[in-house]
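Can you make the complete structure from the sequences, with help from the hints?
Number of protein chains: 2
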Amino acid sequence: MKLATYRDGSRDGQLLVVSRDLGLAHYATGIASRLQQVLDDWDFLAPQLHALYVQLNTGKAPHAFAFDPRQCMAPLPRAYQCVHATAYLAAPERQYQLHQQPLPASFYTEPQLHGGSSTAFLGPCDEVVVPSEAMGIDLAAGLAAITGDLPRGSTPAQTLGAIRLLMLTGDVVLRQLEQANTAAGHLHSHPATACSPVAITPDELGPAWQEGKVHLTLQLACNGRKLGLCDTGPTMHFHFGQLLAQGCKTRPWQAGAVLGSGAVSHPGASNPQGQTDDWPQGACSIADKRAIETLHQGRTRTPFLRYGDTVRADMKGKDGHSLFGALELTIAAPQEA
Amino acid sequence: MKLATYRDGSRDGQLLVVSRDLGLAHYATGIASRLQQVLDDWDFLAPQLHALYVQLNTGKAPHAFAFDPRQCMAPLPRAYQCVHATAYLAAPERQYQLHQQPLPASFYTEPQLHGGSSTAFLGPCDEVVVPSEAMGIDLAAGLAAITGDLPRGSTPAQTLGAIRLLMLTGDVVLRQLEQANTAAGHLHSHPATACSPVAITPDELGPAWQEGKVHLTLQLACNGRKLGLCDTGPTMHFHFGQLLAQGCKTRPWQAGAVLGSGAVSHPGASNPQGQTDDWPQGACSIADKRAIETLHQGRTRTPFLRYGDTVRADMKGKDGHSLFGALELTIAAPQEA
Chain F
1 MKLATYRDGS RDGQLLVVSR DLGLAHYATG IASRLQQVLD DWDFLAPQLH ALYVQLNTGK
61 APHAFAFDPR QCMAPLPRAY QCVHATAYLA APERQYQLHQ QPLPASFYTE PQLHGGSSTA
121 FLGPCDEVVV PSEAMGIDLA AGLAAITGDL PRGSTPAQTL GAIRLLMLTG DVVLRQLEQA
181 NTAAGHLHSH PATACSPVAI TPDELGPAWQ EGKVHLTLQL ACNGRKLGLC DTGPTMHFHF
241 GQLLAQGCKT RPWQAGAVLG SGAVSHPGAS NPQGQTDDWP QGACSIADKR AIETLHQGRT
301 RTPFLRYGDT VRADMKGKDG HSLFGALELT IAAPQEA
Chain E
338 MKLATYRDGS RDGQLLVVSR DLGLAHYATG IASRLQQVLD DWDFLAPQLH ALYVQLNTGK
398 APHAFAFDPR QCMAPLPRAY QCVHATAYLA APERQYQLHQ QPLPASFYTE PQLHGGSSTA
458 FLGPCDEVVV PSEAMGIDLA AGLAAITGDL PRGSTPAQTL GAIRLLMLTG DVVLRQLEQA
518 NTAAGHLHSH PATACSPVAI TPDELGPAWQ EGKVHLTLQL ACNGRKLGLC DTGPTMHFHF
578 GQLLAQGCKT RPWQAGAVLG SGAVSHPGAS NPQGQTDDWP QGACSIADKR AIETLHQGRT
638 RTPFLRYGDT VRADMKGKDG HSLFGALELT IAAPQEA
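For the record, the sequence lines run as chains F and E.
Using the numbering used here, read the first sequence as starting at 1 and increasing by one per residue.
Using the numbering used here, read the second sequence as starting at 338 and increasing by one per residue.
Rather than coming from a laboratory, the hints here were simulated on the basis of the structure.
For each residue, glycine too, the CB sits at the ideal point set by N, CA and C.
Check each hint, because a few of them may be wrong.
[Stated by the list, open to error] Chain E stretches covered by chain F per the calculated footprint, using a threshold of three residues with CB under 8 Å from any CB of chain F:
hint, segment
1, 415–424
2, 446–454
3, 566–577
4, 580–590
Below, the structure written as structure tokens:
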């Protein structure tokens, strides 16, 4: 099942069911108007939405219309919790390598989690307004899960079973405001997260959803130039079930919480001399691209994002169709008051 | 105006208007059923609630009933954002002093903010369930503001004007899980926040609300024994307007966000020899009480909280009446599954 939310002037928008090929949509009116309602009462409402989804896919939905991602808010425009994880370790390894340090051992043994902003996710085609270009504007592309209720102390197997929806995300990161990994620095340096047009139930991924990982390729481009073509499966060090279990170590989670994987990243490939000299899959953030350039050529060539720059993230299924719709974001200056 | 939320089996409960003396309550039915609705549309709905509040205070509300804090959830049972600040610096100064270090200069110049859990606030008389006593269970008492919309870059004067409600809070802190102030440590060590029975509009404080600070005494007791009698005004290093302005430095805030002051604390009093040897106002957390004991007597005497311990926090107005109702929490072990 694929769900989206259309802008209607309200804070929560209007819930839509979207066809598998993203061609058609249908308001969920009569079942639920907001996605949080569905998450609050999933067992009762999801089957009703699914029946509409089947109608839509078979051309039998009575009031279907063409789906337009530009009308979308984030599928869940505001959430009661958003936690950012560091599930892919190649990028942080490179950041530490730049400082001639190994990644702390705890990164490998225990998922690193940080509280994020959930009060207003950006829509897939929104402007990303940042106060100043000097803040080192970056966009880190990854995946996120929207969960049901998770009791305190849930196991990875239990949390996996409570994943309701998956989506693509682009975390806006202000690299100059990151301060040695402190919580205060994290709050200011991570002002917003943008979400793909649709959120999908894990079964939509078929065999590409394996043991809490999505085995597909995340495509990231900046101003039309390819930045990364990253397989999101094998290099995910902790799967979504492990990340969520870590998140509810000391507290329960409630329906509609969002957990993001953090930027996808890949280790480089070694040459016959055993030196890492190639990064065939590229990067899923500007900071990681810059780290690769420094390690490879001794200097950065890619600047952080500027006003007017565009970033596009997409993921295609085995059939070549976009699964979540594309994130197409534009970096923008604040409007003068 | 004073607002509360009664438990009704739903995630958001039922909104109540409560009389000034906390004696009577009235369902807000017909105006709004949930507090978040009111926050989303404050200018339209708050005056209607206020009219009911006036009726209630003058004995003219048609279906008033006796107010029972034990039926309360948190006034706002779940929020789209909760940020913890460190507005009182005496306690962190003491923590650093224990390690023979000065508090970093940044604490004095820039409010320290951390993302907190907002997915399920605890009610005022709830059990605080913690997985293990070995985690160093603490309760840090403070104040919190619930805001309206705050544009990115709002000034302290602007954010002060957008404070809708104030309440007492008790942050559950697991001291053994705090890790050198990292974001990941913060997430696990701050599993929950409990809220007073009612949230009140700042005008209820009269002259005790001055320049973004509450000039009254926060009373904290553990198992019936006094822990602190702390004046929350003079030692608040950053007022609520400054804390909120810092919070929206890089991003807007949406209606219904919660900002907590962090534990209230006081510097000690000096004797004629210029040595600090008295802490007449006590502490608003166990960790601070222990720090005071160590500085005074060379060792801690107060243990962290154990299962079955009770913690009570209250604040009285100049007339001697409780303003927010009391927090009366009990620490509890998880029930065996």
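Evaluation of the provided hints:
no. : hint    : in the structure
1   : 415–424 : holds (count 5)
2   : 446–454 : holds (count 6)
3   : 566–577 : violated (count 0)
4   : 580–590 : holds (count 6)
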